[in-house]
Structure formats: C-alpha cells, structure tokens
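Chains A and B, in that order, are what the protein sequence lines are. The first sequence begins at 1 in our numbering and counts up by one. The second sequence begins at 1 in our numbering and counts up by one.
Derived from the structure by calculation, the hints contain no laboratory data. Note that beta-carbon positions come from the ideal geometry of N, C-alpha and C, so glycine has one too. Please note that the accuracy of each hint is not assured.
What the hints assert, rightly or not - When the alpha-carbon atoms are kept at most 25 Å apart in a straight line, the in silico DMTMM-like pairs for lysine to aspartate or glutamate are as follows:
| id | chain 1 | residue 1 | chain 2 | residue 2 |
| --- | --- | --- | --- | --- |
| 1 | B | 236 | A | 38 |
| 2 | B | 148 | B | 137 |
| 3 | B | 236 | B | 127 |
| 4 | B | 236 | B | 223 |
| 5 | B | 148 | B | 109 |
| 6 | B | 236 | A | 35 |
To be verified - Some residues of chain A that are not near chain B, with every Cβ distance over 10 Å (derived):
| id | residue |
| --- | --- |
| 7 | 46 |
| 8 | 48 |
| 9 | 53 |
| 10 | 54 |
| 11 | 55 |
| 12 | 56 |
| 13 | 63 |
| 14 | 69 |
| 15 | 107 |
| 16 | 111 |
| 17 | 131 |
| 18 | 136 |
| 19 | 137 |
What the hints assert, rightly or not - To be clear about the criterion: a stretch of chain A counts as covered by chain B if any three or more of its residues have a C-beta under 8 Å from a C-beta of chain B, and this derived list gives those stretches:
| id | stretch |
| --- | --- |
| 20 | 8-14 |
| 21 | 21-34 |
| 22 | 114-122 |
| 23 | 143-150 |
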Amino acid sequence: MDGRDPDFVQHIPRLRRYARALTGDRGRADDLVQDTLERALKKFHLWQQGSDLRAWMFTIMHNVYINQVRAGSAAVVTALDDEISQPAIRATQSDRLEILDLQVALLRLPEEQREVLLLIGLEQMTYDEAAGVLGIPIGTVMSRLSRARERLRALLAGGGAQTALKVIK
Amino acid sequence: MSRLAVTEAELHAHVDSLLPESRRVEVDEYLAAHVEDAQRLRAWREQNQALRVWFDPVLAESLPARLRRPAAGSFMRPVLRHAAVLAWLALGIVAGWYLHDYDMGKSADTTAFAHRAVIAHIVYSPEVRHPVEVGVDQEAHLVAWLSKRIGGNLKVPQLGALGYQLVGGRLLPGSQGPVAQFMFQDGSGQRLTLYVRNGAGDSKETAFRYAQERGVSVFYWIDGRFGYALSGEIDKAQLLHVAKVVYQQLNP
Chain A
1 MDGRDPDFVQ HIPRLRRYAR ALTGDRGRAD DLVQDTLERA LKKFHLWQQG
51 SDLRAWMFTI MHNVYINQVR AGSAAVVTAL DDEISQPAIR ATQSDRLEIL
101 DLQVALLRLP EEQREVLLLI GLEQMTYDEA AGVLGIPIGT VMSRLSRARE
151 RLRALLAGGG AQTALKVIK
Chain B
1 MSRLAVTEAE LHAHVDSLLP ESRRVEVDEY LAAHVEDAQR LRAWREQNQA
51 LRVWFDPVLA ESLPARLRRP AAGSFMRPVL RHAAVLAWLA LGIVAGWYLH
101 DYDMGKSADT TAFAHRAVIA HIVYSPEVRH PVEVGVDQEA HLVAWLSKRI
151 GGNLKVPQLG ALGYQLVGGR LLPGSQGPVA QFMFQDGSGQ RLTLYVRNGA
201 GDSKETAFRY AQERGVSVFY WIDGRFGYAL SGEIDKAQLL HVAKVVYQQL
251 NP
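Can you build the whole structure from these sequences, using the hints too?
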C-alpha cells in the first residue's frame, strides 16, 4: 500500500452502528453504509490527508442520508415538529402504553434531532464535531440535542406532559 | 461571588463529559439545589447508556458480504484498479435506476433489469426466516402461481447436479409488471437467485451478459419472451457455469 489508500475499513462498524440506530432497519442501514463507502471511494481525492477520516465519512453518510430522505427513496418516518401534535396511540396489550423499545422511540424523533442525538450520545462526538459533520452551527446542535433528549425522555416515560403523545386507556 | 448561571448547554455538556473540571463542580452544586434539572440529567445519562446497550452489539457483528467484499477489493486498492466496477456503478446509477426505462434503448433496459435483479438478490438472499414466499415443498403450486402472475409458462431449472437445491420463490414488482424470483442454495448456504420477467421483447439476442454490482455477480440474457438474470456472490466462472446449465435446461 502506498499510504494514500483510504483506511475506510476500520470505520465501517461504527458507520453501521450509527446507520442502524438512524434508520431502525438493518437492510436500509447497510444500504446507507454501502452508498457511503461508494461515495467515499469516489470522493477520496477530496479528503485532506491528516484530517479526521471518521468525521469525513460521517459527513458523507449524513449527506447521503439527507439526500435519501429528501428524495423519499425509502419509507422514512416523517419528521414531526414539536409543535405538531402526534396522533394518539392506542394501547394494544397493556392498559398503559409504554414505549420500551428505544428504537421505536428514536424513530419518533425528527431526523435532524435523531442525527444530533446519535452523533453525540452514541458516537460520542463533541458538539464541535457534530456541528462539522452536520454542517450546522453549534447553537443549532445544542438546541436540537436539547429537544431530542427531552422528547426521548417523554417517549420513554410512556408519554409525559412534555409531548403531545397521548395514551388511550 | 459572581458565579455564572448554569446554562442548558452546560447541563448537556455535563452529561456528555464535555464540561471542564472546574465548571463541573459548580454545576454539581447547582444540581444539588435543583431537583428537576437533576432528574433530567439522570434521564439523559440513561439515554446515552441505553443507546450504547442497544447499538454497541452492531460493532461486533460480522460484516455482510456486500460491505466486506468491496472493502477487501476496491476500498483497499487504488481507484483505477477497479475502474470497471466504478464504471458499472456509474452506469447503473445513471442508466438503471432513476431514469425511466422506456426513454432509453434496449441495452439500458436490460441493464436496468440486471440492476433490479441484483437489488432483489441483495434484499432477499440474506433472509434467514423468510427468504421465499412459497417454499420448495409446494413447488408445483409455486411454478403454477408465478407462471400465472407473470403470464407465461415458467420452468424451474434443476441445479441439484451443481449442488444447488431450490429453496422456493417469490413474486416481485418489476419495472413493467410482475417478476418472479427463484432462490437456490448449496450445502454451505451460498444462495443464487434467478430473476425472470416476461415481456423482454422479441429479441433473438440470447448472448449472456455479465455485470458485477455491490459484490454480486449477475449473468443476464433474453430468451424468447423471457428475460433472465442469475445472481450470486460467487465468482464469474462459477456463475457462468450455472448460467449455462440454466440456459440449457430452459431450452431443451
């Protein structure tokens, strides 16, 4: 190897972990990783030697993902803004709905909040790194993080007063 | 003392271990006096832990072939060496998927067909529990059903002599209507899929064409009314051998 070869391989497991949490679907997540790798390969000449390859690849994945979401190429959960009330959810088994499934709760977050939450909470990036990957100001990272955590907290608590999620007994 | 007020951003930074040590002590003092904020922080911290518990196992999973193979090949090698693969990918993207088949010539149509076959292979061949809709135990029903749906008498090749047994099949949406997919599997679990469509045109062309995409090899050809694509994650020579047998059996 001549030292210029991308060391993409070591980052694949982390990209997969992030993609899995982001999409909630194994096949779709691996599609996303694969598209990211293909794009990274094509764009590798744009990568600056010595800069953070992981951040660069996550940036590519973010762009691929956003393009997919915008193109509506897959069944993407609609981003529901905080102000928009969510449809009531009918409890099926227990008399009280509890969203115990973290994945389900994550998918109820708007894409933009989910990305921030996962880059920081799961991938353990700093706020600066997350802002760089997502191409947004750090203040926006903080506000999205805050909204994501509060909404997730409410969802995991089974629908608290913080959200419009209603529990039908 | 002119202690600064604790900001929301600092509460998050505390959870994410991004707060400077000196400030952390002050925020801790603040939290001791503000129970609600302390509860929020605890919940956020639990979220971080839950994310790791849920998704860290992905790190330990073995990579699927389609991510591993390109990595071992094109991603480790200089780009030029895999110019052919890239050319195919570019072609597939430009010609195969996003544009309308009918706007293009025959060859673009068949290229798109092969592309769809590969996608179908990638989607269904890793399935453990539901690789097919109708299993080989109902082979007669399977063939009759798919024949009816795609409008033509389908035949299923017998590949037992090559070590591949029929698993079953399923109906899929193609670009112009229903498409049938048959799945075969060998003793090691290696799977091949045969993707068949009707209405391939009246082309007398029966030449085998080959493509590789996402680590999947595919031979495709047109035979009478039917278009066939045989996909598998095996090397070209092995797949060609199987493709020839399939072709011969369908043309006794």
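Going down the list of hints, with the structure as the test:
1. Distance hint between residue 236 of chain B and residue 38 of chain A is fulfilled; the C-alpha atoms sit about 22 Å from each other, no more than 25 Å.
2. Straight-line distance between C-alpha atoms of residue 148 of chain B and residue 137 of chain B comes to about 19 Å, which keeps the hinted pair within the 25 Å bound.
3. Of the pairs offered as hints, the one joining residue 236 of chain B and residue 127 of chain B holds, with about 23 Å between alpha carbons and a cut-off of 25 Å not exceeded.
4. About 21 Å separates the Cα atoms of residue 236 of chain B and residue 223 of chain B, which keeps this hinted pair within 25 Å; it holds.
5. Pair hint residue 148 of chain B plus residue 109 of chain B holds up; C-alpha atoms about 24 Å apart against a cutoff of 25 Å.
6. For a cut-off of 25 Å, the pair hint linking residue 236 of chain B to residue 35 of chain A stands: about 23 Å separates their Cα positions.
7. With a least beta-carbon separation of about 12 Å from chain B, residue 46 of chain A lies farther than 10 Å from that chain, consistent with its non-interface assignment.
8. The claim that residue 48 of chain A is not at the interface with chain B holds, since no C-beta of that chain comes within 10 Å of its own (minimum 17 Å).
9. With a least CB separation of 12 Å from chain B, residue 53 of chain A remains clear of the 10 Å interface cut-off, as annotated.
10. Distance check for residue 54 of chain A against chain B: the nearest CB is about 14 Å away, which clears 10 Å, and the non-interface claim stands.
11. For residue 55 of chain A, the condition that its CB be more than 10 Å from all CB atoms of chain B holds, with the nearest at approximately 16 Å.
12. Here residue 56 of chain A stays apart from chain B, with its beta-carbon at least about 14 Å from theirs, past the 10 Å limit.
13. Residue placement check: residue 63 of chain A keeps its beta carbon more than 10 Å from all beta carbons of chain B (closest about 15 Å).
14. Residue-level check passed: residue 69 of chain A sits 16 Å from the nearest beta carbon of chain B, beyond 10 Å.
15. The claim that residue 107 of chain A lies off the interface holds: its Cβ sits roughly 13 Å from the closest Cβ of chain B, which is beyond the 10 Å cut-off.
16. Under the 10 Å C-beta cut-off, the non-interface status given to residue 111 of chain A relative to chain B holds; the minimum distance is some 16 Å.
17. No beta-carbon of chain B is positioned within 10 Å of the beta-carbon of residue 131 of chain A; the least distance is around 12 Å.
18. The Cβ of residue 136 of chain A sits about 15 Å from the closest Cβ of chain B, beyond the 10 Å cut-off, so the non-interface label holds.
19. Even its closest Cβ contact with chain B, about 13 Å, leaves residue 137 of chain A beyond 10 Å, as expected for a residue assigned away from the interface.
20. As drawn, the stretch 8-14 of chain A meets chain B at 5 residues by the rule of a beta-carbon pair under 8 Å; at three or more, the given contact holds.
21. Only residues whose beta carbon comes within less than 8 Å of a beta carbon in chain B count, and the stretch 21-34 of chain A has 5; three or more means the coverage holds.
22. Restraint check on the stretch 114-122 of chain A versus chain B: 5 residues with Cβ-Cβ distances below 8 Å, three needed, restraint holds.
23. Requiring three or more residues with a Cβ within less than 8 Å of a Cβ of chain B, the coverage given for the stretch 143-150 of chain A holds, as 4 such residues are present.
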